Amino acid sequence: MLLAAALLAGAAAVLSTAGLPTAPASGVAAVVVAMGGALMAYGTDALKKHKDRRELLPSVVRLDARGRLPLVRALDDPVVLGVHPAAVEHEGRHTRTPAFIVRAVMPRLLDALRRGRFVLLVGESTAGKSRAAYEAIRQLLPDHRLIEPVSRQAGQIAVDTAIDTPKCVVWLDDLERFLGEGGLTGQGISGILAVGGGGRYVVATMRAEEYAKFSGRTGPGAINPGREALRQGWDVLRLATRVEISRTWSKADLVAAERYRDDRRIEQALRHADRFGVAEYLAAGPYLLADWRDAWAPGSHPRGAALVRAATDARRVGIHRPLPLSVLVELHEPYLRDRGGPLLRPESLEDALRWAVTPLHATSSLLLPEVEDGYLAFDYLIDAVEKTPVPRKAFDVLIAFATPGEAMELGEIAWQWLRHDQAEAAFSAAQRAGLQDGMERRCDLLRDSDGASVALEFARRAAESLERTLGPHHSETLDARRMYAWEIGMEGDPGESLRLCTELLAETVQIFGEDHQRTLKARRAVANWTGQAGDAARAAVLYAELAADCAHLLGQDAQMTVNSRMEVAHWTGEAGDPAEAILLMEELLRTVTRSDGFAQDLIFSIQFRIADRLTRTERYAEALDRWELLAADATSQFGPLHNWTLDAREDLAQCVGQAGHAQRAVELLTEVLADAAQLDAPRSRSMLMLGRTLAHWVGEAGDPTQAVVRLEGLIAISAEEFGADDPTTLGLRLRRAHWVGKTAGPVIAIEELRRLLDHATETRGPNARVTRAIREELDVWTHGC
1014 MLLAAALLAG AAAVLSTAGL PTAPASGVAA VVVAMGGALM AYGTDALKKH KDRRELLPSV
1074 VRLDARGRLP LVRALDDPVV LGVHPAAVEH EGRHTRTPAF IVRAVMPRLL DALRRGRFVL
1134 LVGESTAGKS RAAYEAIRQL LPDHRLIEPV SRQAGQIAVD TAIDTPKCVV WLDDLERFLG
1194 EGGLTGQGIS GILAVGGGGR YVVATMRAEE YAKFSGRTGP GAINPGREAL RQGWDVLRLA
1254 TRVEISRTWS KADLVAAERY RDDRRIEQAL RHADRFGVAE YLAAGPYLLA DWRDAWAPGS
1314 HPRGAALVRA ATDARRVGIH RPLPLSVLVE LHEPYLRDRG GPLLRPESLE DALRWAVTPL
1374 HATSSLLLPE VEDGYLAFDY LIDAVEKTPV PRKAFDVLIA FATPGEAMEL GEIAWQWLRH
1434 DQAEAAFSAA QRAGLQDGME RRCDLLRDSD GASVALEFAR RAAESLERTL GPHHSETLDA
1494 RRMYAWEIGM EGDPGESLRL CTELLAETVQ IFGEDHQRTL KARRAVANWT GQAGDAARAA
1554 VLYAELAADC AHLLGQDAQM TVNSRMEVAH WTGEAGDPAE AILLMEELLR TVTRSDGFAQ
1614 DLIFSIQFRI ADRLTRTERY AEALDRWELL AADATSQFGP LHNWTLDARE DLAQCVGQAG
1674 HAQRAVELLT EVLADAAQLD APRSRSMLML GRTLAHWVGE AGDPTQAVVR LEGLIAISAE
1734 EFGADDPTTL GLRLRRAHWV GKTAGPVIAI EELRRLLDHA TETRGPNARV TRAIREELDV
1794 WTHGC
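Counting from 1014, one number per residue, gives the positions in the sequence shown under the numbering used here.
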C-alpha cells in the first residue's frame, strides 16, 4: 500500500538507505519471532502506521547487528537466506556452500533482473534457485538494502518498508509462504515497482509444483475451494519475470562444474549427475530421503520419521506455515500408529525431535526449526514422498489448525479423496470465518454426497436467511439466490432454473451494471440453463458473446474467459457439430499450455473434454491415446487415489470397451475398483457409479446375469444410504431393467421400466434427468419390439 503524502513528505527520511535505527539485535542476522497480535494491530492512519512499522520492524524483517536493514554485500552466508548447505568435510577445507558454478541460465537471470526488477526463479526443490538468486543480487545489487519478511503476515510491512527505501531488494525465498490470506498482494508488489527511481527490486523463488497451484486459474464449473487465495497469489506471480531453473544440469553446466573438481563434494556430485542434479546432490536430498525411510525400522527413529512425514504432508496439502510443536505432536500420532505403534519401539519425543532437526553431514535436516517456534519439513521431501491420502485423524488436526483460506483448500482435497465428512467440516470452518465460497462449496458437496434434493433445500434456506438479514439486493444474497436457481435445475427443472436466472440477470444489471463480474456470472448461468433446457445452439451463441465480453473486460487469460470458451466448444458439440467442438477445444488447449497463467486442473479439464468428445464420436484410437496419457499424468500429478486419477482410469476402461474390448474393460475396471477401495468410502456415490460401470461391461462381456446381480447389490446400498427415491437409486434400477431385458426378454424389461417411470415421475417430476433417461430407455425397448 502506498503511504500517504504527509508521511512521504514529513517522515520518509527516517527510513533511509541507512536503515532504521532500532534496539540492537544479537547476531549478524538476528530475526525475532513475528508478533501476530501486533501485526493485527498495524495502524491504518498513515502517521500511526509509520510509527507502528518502526516499532515492529525488528520483529518482522531481517536486521543486521546494528539494527539496520543489511546491505546485500554484507550477506556473506547464503545459507542464512535459504540456500541449502552442503556437507562440510572433516578437514574443514570447505565452507557450508561450495564455490558458485555459473550455469547456462545465469545470463538470462541477470538480464531479467536488470530489465524487470521482479524476478521469480521456478524449479524443483534443490534445483539451485536460492543460490542463483543470491549470487545475482550480490553481483548486480551489492549496495542495496535487503528486506526479508519472516512470515506471511509481515508482507505488508515489508512492502511499505520497500516503498520507503530507495535502494532495496525484497527477498522472498519460497514465495508461496508469503501468498494467500493476509499475505502479499499484486497491488502491494505493483506499489514497490511503481515508485520512481527504479532502485527497488523483488527477487523470489518457488517450487514448480507450488507455481502450478498458484498460477491463478480454476477449473471449469462451480467456484473451487481455496481458489480465491490462489487467484490473489496469481495477482503477484503474473507481475514477475519467470526464470526456470532445472534440477538436472545441462552439458554446458556440467562442463562449467569440471573446474571445481578439487572440491570433493562437487567431484562426487558430478559422478552422480546421471541420476541427480548437482545442487540436489550437494544438498544431500537423496541421502535425507533414504535416512527418513530407514528411520521407520523398529528401534531406529520411527517417531522421528512420523514427525517428518506429518510435517511433509502438511506442506503437501497446502499448509506452509511452521507447525507449532503441540500441533506436530498431535499430527504425527496417526502416522506412527498406522505403521505399527508400540511394535516399532518408538523413541521419546525429545530424541525424535533431536534426530529430525540434526543436519545430515552438516547439510539440511529433515525438520527445519523456524523462528516462529514451529517446524517445517525439508522441501525436498514434498516432491519425493508418495502422494497418498493423509490419515483421517491427522487431516482433522490440519482442519482445526487451518486458516479460512487453507480450510477451503483442505475441503477440496478431502472431497477428491471421497471424504465428504471432512470436506464438509473444512468448508463449514471457512464459511464460519466469513468466506462465502465455503457456503457455495458446501452446497456442491451436498449434491454429490446426499443428492440434489438435499442441496436444493440447503440453497433455499441459505437464500432465505441472507435475504432476511442482508436484504434481497445485497451481493451475498444475490449469490445465494443464484445458487438456489442453479440447484433447481440440478434437481431436474432446467426451465424453471432458466426463468429464475433470467430474472436475476435483470436485477444484477440494474444494481451493478453491464460490466460487473456479478453480471457476467449471471449471464453464465443463463447460458448454461439455456443449453440444459434444450437449446444447445442458443447456449453456444450466448457463451460466445460472454467469452468476447470477458476477454474485453477481464482479459484473454481470465478464468471466466477461458471457461466460457470451453463451454462454447461443449455446446457446439451438443448442437450437432462434434468436429468443430474438438477443434475449438484443441485451440483452447494450445492457448492455455502456451501460457504460464493456468493451473494444471484447468488443463486437465480441457484434455478430459477432448478425450470424451473423441470417444463419443467413435474416434477410439485417438481417444485411447488421450485417456492413457491423462491417466498417467493424473497418477503422477495427484497420486493414484485422487478422484481425477480414478476418473481418468475409469474413462479409459470405458473407451476400451466401446472400442470393442469388453473383457479388457472389465479387467481395467476391476483394478480401478480395487484401488478405490483403499479410500474407505464403499458406500459413496462415486463408488456406486464405478460399480455401475463395471456391471455394464460385465454384461457387455457376455454375462448379463452377473450384471443384474451386481446392480442389485448396488441398488440395496444406494436405497439404504440415499433412499429409494434418490436419482442414484433410480438410475441403478434403470440399468438393472436393461440387463433384465437382456436375460428375461423385452416384455419383462418394458414392465419394469413402466413401473420405474411412474415412480420417477411421481417422486422426481416428469422433467428430471433420471425420469427422462428412463423414458428414453423405455422408448428403445418399446420400439425394438
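No lab work stands behind these hints: they were computed from the structure. Given the structure is predicted, the values throughout are model-derived calculations rather than measurements. Among the clues, some could well be false.
So the derived label-pair ranges between C-beta atoms look like this [what the hints assert, rightly or not]: (1) 1090 - 1127: 21 to 31 Å; (2) 1551 - 1350: 53 to 63 Å; (3) 1206 - 1634: 48 to 58 Å.
Below 30 Å or equal to it, Euclidean Cα-Cα: the simulated DSSO-like pairs (lysine-lysine) are [what the hints assert, rightly or not]: (4) 1406 - 1226; (5) 1400 - 1226; (6) 1534 - 1180.
C-beta atoms are modelled at their ideal positions from N, C-alpha and C, and glycine is treated no differently.
Right, here's what the structure says about each hint:
1. 1090 - 1127: 21 to 31 Å: The hint (21 to 31 Å, Cβ to Cβ) holds, given that residue 1090 and residue 1127 are roughly 25 Å apart.
2. 1551 - 1350: 53 to 63 Å: 58 Å, holds
3. 1206 - 1634: 48 to 58 Å: 51 Å, holds
4. 1406 - 1226: 25 Å, holds
5. 1400 - 1226: 15 Å, holds
6. 1534 - 1180: 44 Å, violated
Violated hints amount to a single one, hint 6; each of the other numbered hints is respected by the structure.
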